[in-house]
Amino acid sequence: AQSVTQLGSHVSVSEGALVLLRCNYSSSVPPYLFWYVQYPNQGLQLLLKYTTGATLVKGINGFEAEFKKSETSFHLTKPSAHMSDAAEYFCAVSEIGGFKTIFGAGTRLFVKA
Amino acid sequence: GAGVSQSPSNKVTEKGKDVELRCDPISGHTALYWYRQSLGQGLEFLIYFQGNSAPDKSGLPSDRFSAERTGGSVSTLTIQRTQQEDSAVYLCASSLGTGQTYEQYFGPGTRLTVT
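Protein chains in written order, with the numbering used here: chain A, 1 to 113; chain B, 1001 to 1115.
Note that these hints are calculated values from the structure, not bench results.
Only a predicted model underlies this, so the values are computations on that prediction, with no experimental measurement involved.
Note that beta-carbon positions come from the ideal geometry of N, C-alpha and C, so glycine has one too.
Honestly, I wouldn't trust all of these hints.
To be verified - Covered by chain B, per the in silico footprint, the following chain A stretches (three or more residues, Cβ under 8 Å):
(1) 44 to 56
(2) 69 to 82
As the list claims (entries may be wrong) - Derived DEER-like restraints, expressed as beta-carbon distance ranges:
(3) B:SER1087 - A:GLY8: 19 to 27 Å
(4) A:SER9 - B:THR1013: 25 to 33 Å
(5) A:THR72 - B:PRO1061: 23 to 31 Å
(6) A:LEU20 - B:GLY1071: 44 to 52 Å
(7) B:THR1113 - A:GLY16: 36 to 44 Å
(8) B:ALA1054 - A:GLY16: 50 to 58 Å
(9) A:GLY16 - B:GLU1020: 28 to 36 Å
(10) A:GLY53 - B:PRO1008: 24 to 32 Å
(11) A:HIS82 - B:ALA1002: 22 to 30 Å
(12) B:GLY1071 - A:GLY8: 24 to 32 Å
(13) B:THR1113 - A:GLN45: 20 to 28 Å
(14) A:GLN45 - B:GLN1041: 14 to 22 Å
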């Protein structure tokens, strides 16, 4: 069965600092991987996704993630945090050809001035 | 075009009452999903509709929960005899179709509070 683990329910960084949100998954087959962001009182918005090909994926707002099969990880990074990045971030996994997407519990990112 | 819309945005109901939550997907999207987001929890899959196929109801937590999708468009999630543990944000999403390269577009959610 597929599962997603996000390490750290809360992460706090200073403005301008590196953002690193961790995600590990388990899947018996090669997965599709996603990061979504949820701003307060809004629905989820896709940040980026990995399907096939290049393992380093670039998304919106300067975020990127790297699929590491050997580590079963898909960590999200951004070189320099901005106050507007404060939100909740969800990692998700689905099987190729499947429809059900399994979401992690989410990591709330706080950005300090 | 318009995104996914949900109504109402907030619903407060008394324990034991029935509630209906509505989702209007993006026009042309054949797949529609319902999720539940409880405080501090991830998204819990509830049900999935794809075109005219029978829905996958495997995520519905009890027989008090049901959903329908009329004409392959608007969907209604019904919770009968609501309980306090049903309090959560209910999110609807739609996508172009099957296959997980299709991005899911989420609505803003309905916040349900059962008193």
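Hint check results:
no., hint, verdict
1, 44 to 56, "holds (count 5)"
2, 69 to 82, "violated (count 0)"
3, B:SER1087 - A:GLY8: 19 to 27 Å, "26 Å, holds"
4, A:SER9 - B:THR1013: 25 to 33 Å, "29 Å, holds"
5, A:THR72 - B:PRO1061: 23 to 31 Å, "29 Å, holds"
6, A:LEU20 - B:GLY1071: 44 to 52 Å, "45 Å, holds"
7, B:THR1113 - A:GLY16: 36 to 44 Å, "39 Å, holds"
8, B:ALA1054 - A:GLY16: 50 to 58 Å, "52 Å, holds"
9, A:GLY16 - B:GLU1020: 28 to 36 Å, "47 Å, violated"
10, A:GLY53 - B:PRO1008: 24 to 32 Å, "42 Å, violated"
11, A:HIS82 - B:ALA1002: 22 to 30 Å, "28 Å, holds"
12, B:GLY1071 - A:GLY8: 24 to 32 Å, "43 Å, violated"
13, B:THR1113 - A:GLN45: 20 to 28 Å, "25 Å, holds"
14, A:GLN45 - B:GLN1041: 14 to 22 Å, "19 Å, holds"
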